[in-house]
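Listed in order, the protein sequences are those of chains Z and E. Position one of the first sequence corresponds to residue 1 (this note's numbering), numbered consecutively onward. Position one of the second sequence corresponds to residue 1 (this note's numbering), numbered consecutively onward.
Accuracy of the hints is not assured; some may be wrong.
[Claimed, not checked] With a straight-line Cα cutoff of 30 Å, these simulated DSSO-like cross-link-like pairs (lysine-lysine) come out:
1. E:Lys247 <-> E:Lys112
2. Z:Lys73 <-> E:Lys16
3. E:Lys16 <-> Z:Lys5
4. Z:Lys34 <-> E:Lys302
5. E:Lys247 <-> E:Lys16
Bear in mind the hints are in silico, worked out from the structure with no lab data behind them. Note that the coordinates shown come from a computational prediction; the quantities given were computed from them, not determined experimentally.
Spelled out from the first residue to the last, the chains are:
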Amino acid sequence: MVRRKANAVVLSERDNVAVALDDIEQNTLVRVRKGDQILEVRADEDIPFAHKFAITNVQKGHPIYKYGEIIGKATRAIRRGQHVHVHNVEGMRGKANSWKTGRRR
Amino acid sequence: MVCATETASRIAARVKGAVTLTHQHGCTQIGRDAEQTLRTLSGVARNPNVAATLVVGLGCETIGAEKILELIEREGRPAEMLNIQDEHGTLRTTKKGVSIAKRMVVKARKTKREPFPLRELIVGLECGGSDVTSGIAANPALGVASDAIVHDGGTTILSETTEFIGAEHILAERGSSPHVRKRIYEITYKMERRLKAAGVDFLGTQPTPGNIRGGLTTLEEKSLGCIYKAGTARVQEVLEYAEKPRKNGLVIMDTPGQDVESIAGMIAGGAQLIAFTTGQGTPVGCPIAPVIKITGNPRTYKMMKEHIDIDAGVIVEGKNTVANVGKEIFDEVIKVSSGKRTKSEKLGHREFAITRTGSTF
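Looking at chain Z on its own, in the form it has when it is part of the complex (with noise of 0.2 Å):
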């Protein structure tokens, strides 16, 4: 067991972005683990429970990771600390990437 409460988490190495684990104020010192560690991020905005916040600055077009992963690229810059969703991320499936897919057209 771990003695102190993290109320966010990382699920892979690689991710860039962090789960909040329970509501979170804005301006709140987010306390994160990865892996055995705990980082402190600041929230920058508020980030209701089970949406997710990056953990580092993230240009416009560069991919979002999570589950060591790409779940989708940034449409604009995205800060540490601010709320990752619809509004600056975008997937990349089902846009008709058959190319990647692999399926026959």
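Since chain Z is already given, all that's left is putting chain E on it; use the hints.
Here is chain E on its own, set in the frame of chain Z:
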């Protein structure tokens, strides 16, 4: 087969230690659909958890008792059959069936427990009644356990093809060969095509507004959250519904997203145990294999404790890690394989349903 269901139920009800598969199929099915039902029924009977089988048929159905009996006996497993028409009615069939089943149970009780290596274990992975905690707590924890089972030589089955849509390219990259990669795309594309043919615009409506409110941003993310219950191991094989794996390690079975149907497919393929994550809670069990229920939602654990075996809600509460809960699941798999009864077993849940690929005629 469906016409004999009532009789089979009555026999099982009178014999302690006997279970029955209640289903609606076996007649006026054709082609691949009929083959799949036959493969599922005979596969379930051949599951290592089954000591012996009594096949009860009517006598005139498409998928006759003799066909199932033949497939079971081919593997050297004990089986007998009765046809209601040959026995001249259900009362005589029931009487005879009870006597046969009692004999089978007495023999089965003499079986002695002995140790076996993990490489002989097949665990079916399942998720149902998912919510926002599934992708962040229960599924990642199950993924850790799945990796541990595979690392020690065992086999785990990932199913529910509908849930791959969106992350099939990521899953395919983990294929152990070009053929496996191709098969992953094939089964996912086939499922998408079926959805389209049914008039469903899947890609255009996922994630749903509910998902988005809950925190899921893209289809890839939603799909990955499901796939994560299979950990990070390479995919060794892609199986048809109810097909037995030929390889050890992580394998994929092409099943629909419907929980009870996908469990039936996996146990027909030989899974001796099911590990099932649920966010909102579900009581589903299985007549042939123990089902270990895991939830990542602390509220669900509290409210539905009589159905849940593992509390992964501690991850969400920040009290424990994905790695530790994963180890707890792995330990539970060993305990249940060694005889510990799960909550769904204690409550007597025996849900069963076969996936159909065609209509009845």
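Against the structure, the hints come out as follows:
1. E:Lys247 <-> E:Lys112: Holds. E:Lys247 to E:Lys112 sits at ~28 Å (cutoff 30 Å).
2. Z:Lys73 <-> E:Lys16: Given pair Z:Lys73, E:Lys16 is violated - Cα atoms ~58 Å apart, limit 30 Å.
3. E:Lys16 <-> Z:Lys5: violated, 48 Å
4. Z:Lys34 <-> E:Lys302: Cα-Cα ~27 Å, so holds.
5. E:Lys247 <-> E:Lys16: violated, 35 Å
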